[in-house]
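**Q** Protein chains in written order, with our numbering: chain A, 1 to 503; chain B, 1001 to 1122.
Among these hints, one or two may not hold up.
[As the list claims (entries may be wrong)] For the chain A half of the interface with chain B, some residues (derived, Cβ under 10 Å), not all of them:
no., residue
1, F18
2, Q22
3, G43
4, I115
5, N170
6, V292
In case anyone wonders, no lab produced these hints; they're calculated from the structure.
By construction, the Cβ of each residue, glycine as well, lies at the ideal position given by its N, Cα and C atoms.
The residues making up each chain are set out below.
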Amino acid sequence: MIESQSGSKSTNLSDTRFYKKQRRIALRLCGIIDPEQIDEYIGYDGYEALGRALTEMKPCDVIDILKKSGLRGRGGAGFPTGLKWEFAAKAAGEQKYVCCNADEGDPGAFMDRSILEGDPHSVIEAMTIAAYAIGADQGYIYVRAEYPLAVKRLEIAIGKAKEYGLLGENIFDSGFNFNLEIRLGAGAFVCGEETALMTSIEGNRGEPRPRPPFPAVKGLFKSPTVLNNVETYANIPQIIKNGPEWFASMGTETSKGTKVFALGGNVTNVGLVEVPMGTTLREIVDEIGGGVPGGKKFKAAQTGGPSGGCIPSKHFDVPIDYEQLAAIGSMMGSGGLIVMDEDSCMVDIAKYFLGFTVEESCGKCNPCRIGTKRLCEMLEKITSGKGEDDDIEKLESLCRHIMSSSLCALGQTAPNPVISTLTFFKDEYIAHIKDKKCPAGVCKDLLSYTINEKCIGCTICAKNCPADAITGAVKTMHKIDQSKCIKCNVCFEKCKFGAIDKG
Amino acid sequence: MKSLAELAAIRDKMKQGAAIGEDGNEKIRIVVGLATCGVAAGARPVFDAIAEELKNQNVTNAAVSQTGCIGRCTLEPIVDVIAPGKDIVTYVHVTADKIPQIISSHIKEGVPVMEYTICAYE
Ligand SMILES: Cc1cc2nc3c(=O)[nH]c(=O)nc-3n(C[C@H](O)[C@H](O)[C@H](O)COP(=O)(O)O)c2cc1C
Ligand code: SF4
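Same shape as in the complex, but just chain A (with noise of 0.2 Å):
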C-alpha cells in the first residue's frame, strides 16, 4: 500500500518508496507543471529571483549567496561555482559571455535532457542572473541536436521570456540586457568538455585546447565566459529565493545541496532520482531503485560514465559526495548510475568503457588517441583469452601514461574504468588471462557450454539450438558439439532443468 504523509491510503506517485528519500530542487518542477507555459512556472515563484537580483542585489552580492551556498558544478569536476563566477566578474573585458552545458554525452545520462524538456525556464533564468553577476549581456546554451524535444521546449521558453521582456533588454526596468540564443552540437561526447564546447560555438572544429587560460579568463571568443551544467544552473534560482544557508543546510561538509543521478542497468526502479548529497549508494539502489531484480546479488555500481569507475558493494555504505567517490576511486561525473549485479565481467565492463573512448577521442593528442587504443586492444585480448602473465602490470602502466599525459580530462580520466576494476575486482582479471575463465559468464571466448546429468532428455535444447550443436535422443542425456556450438545462450534460457552448464 502507498502511504501519504498523514498516513492514509494514497493513489498518489510521490507517495511511493521511490520519492521517500528524494529532495527535488533541480527536478523540483520536472513533472508538475507544463514547460510551454510560462505563467505556470511564474505561478511557482519562477523569475522572482532574477527580480530580486536585478531591483534589489549587487552582482557582488548575488556571488556572495552562491558562494556561501557551497554549490558545485553538476558537470563533472565540482568546481565551485560562486567561485567561477568571481573569476569571470573580476576578469578584464568589455564583452563577456554566459555559457551552459546541455551536451550530456555520457552513455546512459539523461538528467540534463529532463530538465530542459520538464522545465526549461528554471535554466534561462539562471543564466540571466549569471550574466547579471558577472556583467555579461550575450549567452549560448550548447545542446545536443540528439535532443530535439529539448530544443523545441527551450526555443519556446526563451520566446515567451522574450516576448514577457525576462529576456532582451532593460529587463525588470533595470538598464541590464540579456540576449540568449541555441547552438546546437552534433553529439561528440569531447563537445561537452569546456574548451572544445567554445571552439564549436565559434565555428570550429570541437577540440579541446590547453587550460590555463581558463575560460573565465578567457573563454569564448577569448573573452571571460563562464560555463556551467544544465543541474548546476536549475539549483541557482531556488538558492537566491531561499538564500545560501536553506542550501548549505543540506549535504555534507564539502558537498552542499543534491544530486540528480540517473538510475539504471541491473535495477527494479530505473529512472530519475535527486538525492541530497550524502546519501549512501545502498540508499539509492536498496529503497529508492528498489534492489537488483530478479533475486540476483549487487556486484557494483558505475558512476562518472567513461571517467567514473566501478564500486564495489563493500562501498554501498559510503555517503556519496565529490570526495568520497573520489576516493574510492570514481567520481560523480554528471550523474549516471549504473548498477551491475552478479552476472556483469567487470573486465567486460572496463572493456565497454574504453572502446566508448576510442570512438569519442577526438584525436588532438597521442596519449589518448593511441593510448586508448591500444588499452582496449588489450583488454579485447585478455576478454578473447589469449592474455598473459604480465598483462596487468601492461595494462597499469599504460594506464598511467594516458592519464599522466594527454591533453584533455577526456584522455586524462579515460583509464578510470580499467583502473577501478583493477582494484576491486583483480582476482576477475586474473581469471581471465590464468584460468582463461570467465567467472560471469559474459565474455564468450572463455565461455563452454556443457550438459549435466539433470538432464532429462526432454529435447527441447536440440530444438532451439540454431546451430544444431546438440545431439541426444529423447529420454537420454543429450551432448553439445563444441565445435560446432556459437555459444547463444539459447539452450541455458531455455531448459527448465537446470541441466545446462556454461563456465
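Since the structure of chain A is already known, use the hints to place chain B with the ligands on it.
**A** Below, chain B with the ligands alone, put in the same frame as chain A:
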C-alpha cells in the same frame, strides 16, 4: 517585465497551477507526462485520446495538459488526475484504450479506476 509587482500579479493569478474555467470554477487537471521518456512509451496517443474523449463525453469541468518527466521511466505513460480539494491520483502504463473508462468513471463520476492506478503496481 518591469517590476516584481507585475510578476507577482501573474503568480497570484496562477494560484500555483490551478486551472480556472470560463465559468470561474476550478477545473480538474489531467496531466500527461510528455518528456522524451513518456513520448517513447506512447504518451502522445494517450494525450490525444484524452482530448478526444473529453469532447466525446461532453466534459467541460476538466482540461488536459502536458508536463515533463517525473522520474519513473518504467511506469510511463503516466497520467495524473488533479481534482480540486482531492488527493492526486496517478495512473501508470496508460494506453489510449483505458481513457474512455477513466474519463467516464473518474472525471464524470468521481470514482478512480483503481486497477489502472499506481496502487495496482506498488
Ligand atoms: C570529455 C568531457 C566531456 C564532458 N561532458 C560534459 C557534459 O556533457 N555536460 C557537462 O555539463 N559537462 C561536461 N564536462 C565538464 C565540462 O568540461 C565542464 O567542467 C562543466 O560543464 C562545467 O560546468 P559545472 O561547473 O557547472 O559543472 C565534460 C568534460 C569532459 C572532459
Ligand atoms: S585527451 Fe583525447 S579528447 Fe582530449 S585533446 Fe587529447 S585526443 Fe582529444
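**Q** Taking the hints in turn, state whether each one holds.
**A** Here is what the structure says about each hint:
1. F18: Check passed: Cβ of F18/A comes within 6 Å of chain B, closer than 10 Å.
2. Q22: 8 Å, holds
3. G43: This interface hint holds because 3 Å falls under the 10 Å limit.
4. I115: 8 Å, holds
5. N170: Since chain B brings a Cβ to about 8 Å from N170/A, closer than 10 Å, the hint holds.
6. V292: 15 Å, violated
Hint 6 alone, counting from the list given before, is not met by this structure.
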